[in-house]
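Those protein sequences? They're chains A and B, same order as listed.
Going by the numbering used here, the first sequence opens with residue 1, and the numbers climb by one from there.
Going by the numbering used here, the second sequence opens with residue 236, and the numbers climb by one from there.
One should not assume that every hint holds.
As the list claims (entries may be wrong) - Computed Cβ-Cβ distance ranges for the label pairs, DEER-style: (1) 197(A) <-> 281(B): 33 to 41 angstroms; (2) 260(B) <-> 83(A): 33 to 41 angstroms; (3) 271(B) <-> 81(A): 25 to 33 angstroms; (4) 274(B) <-> 176(A): 14 to 22 angstroms.
In case anyone wonders, no lab produced these hints; they're calculated from the structure.
Just so it is clear, the structure is predicted and the values come from calculations on it, not from any experiment.
Glycine included, C-beta positions come from ideal geometry on N, C-alpha and C.
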Amino acid sequence: MTDESASLTEPWIAKHEAAYPYAYDKGGKLKRWFGVSGIPHAVLVDATGTVVWRGHPATLRESEIEEHLAGTLARPLYEWPAAAKGVAKRLTKGDLGGALEDARALSEDDGGPAIAAQIQGLIDGRVAKVEGWLSAGNFLDVLEAGGDLAKGLGGHEAQAKVQGLVAQVEANKDAKSVVDAQKRIRKLRAKDPSKRKDIERQVEDLEKIRDEMRGTYAAEEAGAYLEQLREKLMR
Amino acid sequence: MIQRRLLAVTALLAGLALPAASQGVGSRIPDIALEGYSQTEAKSFEDFYGRAVLIEFFAYW
Chain A
1 MTDESASLTE
11 PWIAKHEAAY
21 PYAYDKGGKL
31 KRWFGVSGIP
41 HAVLVDATGT
51 VVWRGHPATL
61 RESEIEEHLA
71 GTLARPLYEW
81 PAAAKGVAKR
91 LTKGDLGGAL
101 EDARALSEDD
111 GGPAIAAQIQ
121 GLIDGRVAKV
131 EGWLSAGNFL
141 DVLEAGGDLA
151 KGLGGHEAQA
161 KVQGLVAQVE
171 ANKDAKSVVD
181 AQKRIRKLRA
191 KDPSKRKDIE
201 RQVEDLEKIR
211 DEMRGTYAAE
221 EAGAYLEQLR
231 EKLMR
Chain B
236 MIQRRLLAVT
246 ALLAGLALPA
256 ASQGVGSRIP
266 DIALEGYSQT
276 EAKSFEDFYG
286 RAVLIEFFAY
296 W
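One chain only, chain B, in its complex shape (with noise of 0.2 angstroms):
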């Protein structure tokens, strides 16, 4: 169910300090342009409309 309903997009970067918890919960977020989207279908974060996106940033090293 999880599997199915929750689309994990990662987003690549660099960056390292402390993460900020809760800040944001609640707003909207802003138009979303990711480029190069892979082992998916969509080629847009419009293509997740409707969907609960799980977006985790992280970094190849």
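Next up, chain A with everything else stripped away, as it sits in the complex (with noise of 0.2 angstroms):
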């Protein structure tokens, strides 16, 4: 958004006692990864980063939400007392054993107990994820993001857990095809295309690729981008 829609937002945001925080999303970058074409339209991201819903706010269910809420932190990393600023640096960085061994040596009145409860809540959250994605055929998932996983999960014993479920993928020759299809939707999702006749591209690259990974993740992957595509051409 451009200033002068800053100037014009700011009294509506005060004229209508929104209380909740609010961002700009400068040029529209996020809405465009989304594909929202309307609003209001809402998206609710879980405690891992990954879309569990989306739609017109007004039809999102309380319960819906609840669901997503178990593993999350309950406090967040901004209102953590200083003494853990330590520890929530490195679970932002993504080194969720050594914030786990860190926040045990806390102690109570620096809520300890508290945090690494909530850590190892989040860790939860995250293995029980990657091992959705292996078996929804999300392999790229799998090696990306569980590879990460693995990697900040040093000294804790789910790292050997994950370390499998990314080796179930390297080792099956099927899934290589498929990672290569997801890598090749992501980097034409990546281009972000306004014109036209790049638009139309992509979606005869994208209905290739769905038709040649009939079957697969990589075809739905395909599918989801296509549609949001083809509605930028309806625009």
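Both chains are given apart, each in its own frame, so use the hints to dock them into the complex.
This is the structure in structure tokens:
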């Protein structure tokens, strides 16, 4: 959004007493990534950074939200006590094993045991996510996010489990073509085309990938992005 | 409980058409670079690490 829009936005926020945090999606980059074509539109992201729901905010059920609150941090990092700042830093760097160790070393007054329990919850949630990707055939996320998770779990008993999941994909000969196709799809998506000609070319590429990869997760991924591009063309 | 654990971040933008449901469910979000965080101590999306976040796209009008 432009500076001018901000000057119009702030009075609106004040007038409507909108108490929630807000920020600006300058240039609409995030909106385009999600393919948001109408507002209001809401996206629910779980604690592992995965999109779990999207649609008109009025249709979001409370039970849907509650379902995704398990294993989330009870308090956001910026509200953590000063003594736990180092733990927070390790967490955001993906060093979950180190963060857990440091949290366990914190005193009860500094919230150590509670923070450690929450980090354990985060780890459990992330491991379950990698298992889910594997059973859905989403091999690229197992390799990339699962690989990062395994690295970050140094010293934790879950590390071997995640390494095992990643190894299953690496040993699966059929997974390679799916991974390659997923990489191609995500590369196309990252280009964020705006010209009609470029969008049409991407549609062709994606249709090809979807047809070649039929029955795999890559075909689903291609299909979802195709839908977004087709809507873009209709606008 | 919901209010405590769920932080709604609202991204402001302009644009109109029909919303597409369910697309992208199951995908991992990209690095999110929003600007000018207000009404929160958060300064970047990273500050919401480990939390469920409801991102609502809206415009002021």
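Verdict for residue 274(B), residue 176(A) (Cβ pair) under range 14 to 22 angstroms: Violated - the Cβ-Cβ distance for residue 274(B) and residue 176(A), about 47 angstroms, lies outside 14 to 22 angstroms.
Consistency of beta-carbon spacing, residue 81(A) to residue 271(B), with hint 25 to 33 angstroms: Holds - the Cβ-Cβ distance for residue 271(B) and residue 81(A), about 27 angstroms, lies within 25 to 33 angstroms.
Beta-carbon spacing of residue 260(B) to residue 83(A) - inside the hinted bounds 33 to 41 angstroms or not: Holds - the Cβ-Cβ distance for residue 260(B) and residue 83(A), about 38 angstroms, lies within 33 to 41 angstroms.
Residue 197(A) paired with residue 281(B), Cβ distance criterion 33 to 41 angstroms: 37 angstroms, holds
Comparing the model with each earlier hint shows a violation of hint 4 alone; every other hint is respected.
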